[in-house]
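Just need the whole structure built from these sequences, with the hints factored in.
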Amino acid sequence: MGRNYPDDAIYQLNYGRGQVLRGDAFLILAKAMLQSGVGYLGGYPGAPVSGLYDVMEDAYHPVLEPLGVVVDASANEASAAAMLAASVNNPIRGAISMKVVGTNVAADGLAHLSASGVKGGVVVVVGEDYGMDSTAVAERSLPYAFKSGLVCIDPVGDPATLALMVEEGFNISEYSHAPALYMLRTRTGNLTGSLTCKDNRAPVISPRHPVEAMASDTNFFPLPPYAFEQERLKFTERLDRAREYILKEHLNRLVPGRKPVGIITHGLVYNTTCRSLHLLGEAELSGKGTCSILALNVVHPLVPDEITRFLRDKEQVLVVEEGSPNLLEEQVRSIAQQGGLSTKIYGKDILPRHGEYTPQLLVPGLGHFLADKVYSVPEGEQARYRVNKRSAALAGHLKKTASLAAPLPIRSPQFCAGCPERPVFSMLKLAERDRGRPYYAADSGCYAMGSLPPFSCNDSYTGMGMGLATAAVASRVSQQPVVAFMGDGTFWHSGMATSVANAVYNRQDAVLVIFENGYTAMTGQQENPSTGSNLRGEEVSSDIVKTLECMGVKYVKVVDPYDVKSSLRAYQKAAESAEKGPRVLVARGECALEKGRHRRAEGRERLDKGKPVVRERLGVDAALCREDRNCVRPNGCPALTLAPTPSPVREDPVTAITDACTGCSLCGEMSHALALCPAFYGVKVAANPRPWTRLWHGLHHALIRSLFRVEV
Amino acid sequence: MGGQGSALLADWLFNAAQQAGYTAQTVGLPGLSQRGGSTSYYIEVLLSTGPDLPVARSDDDDVMFCHFPVPGEVDIILAQEFLELGRALQRGFASPSTAIIASTHRVYSLAEKMPESGGVASDEDIRRLVAELAGHFTGFDALALARDNGLEEVTVNAILLGVVSASEVLPIGEGVYREAIRRTGVAVDANLSAFDLGCKYVTRKETSEDRVTPRRRDDRIQELSAQLPARTRRRFISLATSEVAEYAPQLQDTLVEACYLLTDYQDLSYASNFLSAVNVVCSVDSRDRGYELSRLFAAGLASLMCYEDVSQVARFKTSQRRFVGIRKNMGIQKGQLYEVTDYFSPEADELFSMLPPLAHRAFSAVFRGHAVLRYRSRTTQLPGFLLLLMMTGMRRWRRRSRRYGREADMWRSFQEAVVEFARLDYELGCLAARSAQMVKGYGAIRRRHIEAVRFFLEEMLRPLAYQEMATGTGGFLLTILVGQQARGLILGGEGGLERAKGLVAGVLRDLHNEKGYKAALRRLSTTTAATK
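Chains as they are written, first to last, in the numbering used here: chain A, 1 to 712; chain B, 713 to 1244.
Wrong hints could be hidden among the right ones.
Between beta-carbon pairs, the in silico distance windows are [said to hold, decoys possible]:
| # | chain 1 | residue 1 | chain 2 | residue 2 | range |
| --- | --- | --- | --- | --- | --- |
| 1 | A | Asp659 | B | Pro1095 | 28 to 34 Å |
| 2 | B | Gly1207 | A | Tyr11 | 56 to 62 Å |
| 3 | B | Gly1214 | A | Ala393 | 43 to 49 Å |
| 4 | A | Arg569 | B | Gly1228 | 50 to 56 Å |
| 5 | B | Gln1045 | A | Phe708 | 20 to 26 Å |
| 6 | B | Gln939 | A | Glu576 | 52 to 58 Å |
| 7 | A | Ala107 | B | Ala1217 | 55 to 61 Å |
In short, the hints are calculated from the structure, not lab data. C-beta atoms are modelled at their ideal positions from N, C-alpha and C, and glycine is treated no differently.
Right under this line is the structure:
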């Protein structure tokens, strides 16, 4: 179940006024939500908001339930967004979380919600993942909020502001009746810091204080004829009230400077800007220095008065806005134009149009702005020299270090040791040897790593739950057979409708492999309907196989992924089956990380009780390994690695197996299937063996010892 | 690197800093690190605001921590694996004022493990980066240190924390670090003792790497002979001392090891056959090249002569040292039982090629030679053990077996090729001598490799060499360049041989006149420079 917070960490959520909480951003956000009297929480895991989800889970029984906070592990982002309907007519505050691509899944709900408007404050925590390697940049929050008329918060990256902006998020949403997006960047999400707490507020409406009936008002149905009036409210009244609130509460941060030069920036980029200015000798670590800085915590809506006031006494202003489209810059330009201001405004004409604004990018960018725009005057000579020197120094240093050695081998993510998904890809590689390479349709989850070497099983990927559907045309126009992948998490998220129902209904000719490992593993082993229990620990029994059969899938076969031979047979049968429509293999095996946790805990317990515990592992006889590494390529297990050869007459390293091995025996299975070598062996070690086991082994060992003088 | 407890290490440092009364911030990027990808944790601790940086107390202008490590501005780099240190350095984080504390052990990335040979990043590259960039470098194999002290591999992070504490790179007392470990509450005892190891390492510099001390040859010979059956010991010693002594000193270590392997593999006469073969190559070798050719040839020939036939495999699988090794590697303690299952999948031919040619021919008329016999043997139990022991017996008539005939032909032609090429050019000879190392794997894979080696010698090096003599401007530079590249391609994995064939065919086409020769030479030297 993801990262488990220690009890004393979770306990901090009960802290009252003045106490200091130490922890990561997720704890801090959760604490801020409780301080705001949040009534319900929901969401779907994904980097970087999974952590928030984990806090919700770990804090449910000790903190949230007693306080009367409703918590749901939403089936997907759409159901999370739908939860927010509770706040449309009722004074109950709610927060949901999803990663930025999830806003697309939630779009229908969020769009209509922003039309209706809300009575209770609503905060949608969005994992903004720009520049990170954990997902593609398929969506940006600001343009999303822009077109839907949502308030959009992008907090400066320090714990106090993170917390404050959550509270203000609820307030501004309530004050303006517009839902608020709250951008949580991957870096901010994973920061650790401390927060001075306030008291928690119990929600006004909750299971502890239920209402007789929910308030309702047809005027808020986002359908004609009401919709046209709502459109007016959305883009005039609500956003205006939001602007009013931003000014009233000084939500944006203004750092005065010594010169008539300004920088307008936002959120985390403000931290980097401060540091870059400091490196250029232009500011203290606090950002105070030559330039005035307007650091926006709310990036939508902008407040024309605030911007105009900032621009008025400036000669030059640089808008440091990360990524494109550069909506902030263009709004600032238009505000200046409307205000008839002559301030020179720079932005993407100086700074890169795309990419995460790291110090490597900002130091030269700001350096260029200062040296060539600000200090271009004769009296700026000295400063110009300093700025140029410092920004050149950084560039030079980077150039030097890059040139010192050849690029080092990359370390791409890979399936864990003992993962039940890897053997399926190994099996497919075996099948390819006599069947040729099929068309592989990938989907979202750990198994998407099957697209990386050594397997490279990916010909199409668009989004979550869409894998099989991406091959809808390929199934008909290509001679390759189609093989699609889907995890249990993805199946319950949306895959069963988007891909499976679609394939059944359109009789799509394909083999679908469903990895049932019992968790939404990629985001940190959160529960899903296949786990058997929900976030609250209540028993739930959703069954993929039954579901598939009810949906009209004719061929469903459950296979043990570690038994490569039989899963290969099942796959071949599925591939050759004359059955029209999708044939489904369900590869059932618990996520190795979770299994490991259980096993270790269980093992310790049994050992203490003196009960038998059996540990399994594989090994390689280094003396028999002939270094061809053909065992690595169709396997790719992190525990299968290289070691120096023991032979004094050979050069190349041999393969070896590290302690990370879980004894899943895939190495042995593959060396058998591919007729590789006799070097692999499996070992079963029994602690506290039962007497008769001891006797049986003793007998064999004694015989071998006495007959052949070998002590096995 | 994912799964090495980097998050925990970061937590310890963060808590320690806070308890020492400093404001601090950690930014971790777990991302996909859980899946073994590269990852980094970045910690900023505000030690002093410095004279030029008055820190105002009010909320608005508090110090802004940065979420990115700034190249050249990082004071301490902790690396739990050596390649990842290299990566951090290559990304420019270090500067001459940076203190680097790293474990020098390697965890190979998949990219390094994929090719059939080579592919592993050289530690030298990383050490060069360190030498160029590190202010103060503490590097040692923390993994080995942990293992030697019976600690889990993940405790490397606590060892590094110990080094941080003892080398006083931060104004934080040892006690505070310990408290941080206790407060975090993860495997406290193990981590505390690992922490102590780290401290001790600094104070006593008890390094766990480069411990190997050069041993005297005679001791080694004694050591080796002790592992042989009593009857052959004395004769082995005389062979390894007197006969080997007739060879160049640069060769003797290799020859002693080889002779032991061969005696253990078959018998003493087998070893002396080997020596006489080496003798032939020595005659075309030269002292001023340090007898490199002979050494390469000797190593290659020995490894060919100890080919793993079924009886050799069975012999090792049932040997005492194997079970000792397993018990050690698997950490099997007293009172624990263990059971070994061996995975065998020999081709039928590997089995009955142990018979003399005639019987073999009779058999192969009946059986399909490449059919694979798959079975698992419970080698720690009597039946499994017995079956293997029976195969071990076949060792007696090994030298009359069909398999031996084949293998012997192979290494004879290998020897001839080495001599032939060495006569043409020394480097060329060495290239040919190294080709024996290209023979890898078992069954079908080994056949593929043997064929590749034959092709490499007969249909790549030979035509290239003679063509270069005809049209070249003296020397065999081109042949050697192409040879090295072809070797790399062949060992690169699937389809390598085909790519190599393509390369060679292309060059041979150009080699019709001096102009084409020069062009080819230019092309190849640039590509080799690029790959270097």
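We went through each hint and held it up to the structure:
no.: 1; hint: A/Asp659 - B/Pro1095: 28 to 34 Å; verdict: 31 Å, holds
no.: 2; hint: B/Gly1207 - A/Tyr11: 56 to 62 Å; verdict: 60 Å, holds
no.: 3; hint: B/Gly1214 - A/Ala393: 43 to 49 Å; verdict: 48 Å, holds
no.: 4; hint: A/Arg569 - B/Gly1228: 50 to 56 Å; verdict: 55 Å, holds
no.: 5; hint: B/Gln1045 - A/Phe708: 20 to 26 Å; verdict: 25 Å, holds
no.: 6; hint: B/Gln939 - A/Glu576: 52 to 58 Å; verdict: 55 Å, holds
no.: 7; hint: A/Ala107 - B/Ala1217: 55 to 61 Å; verdict: 57 Å, holds
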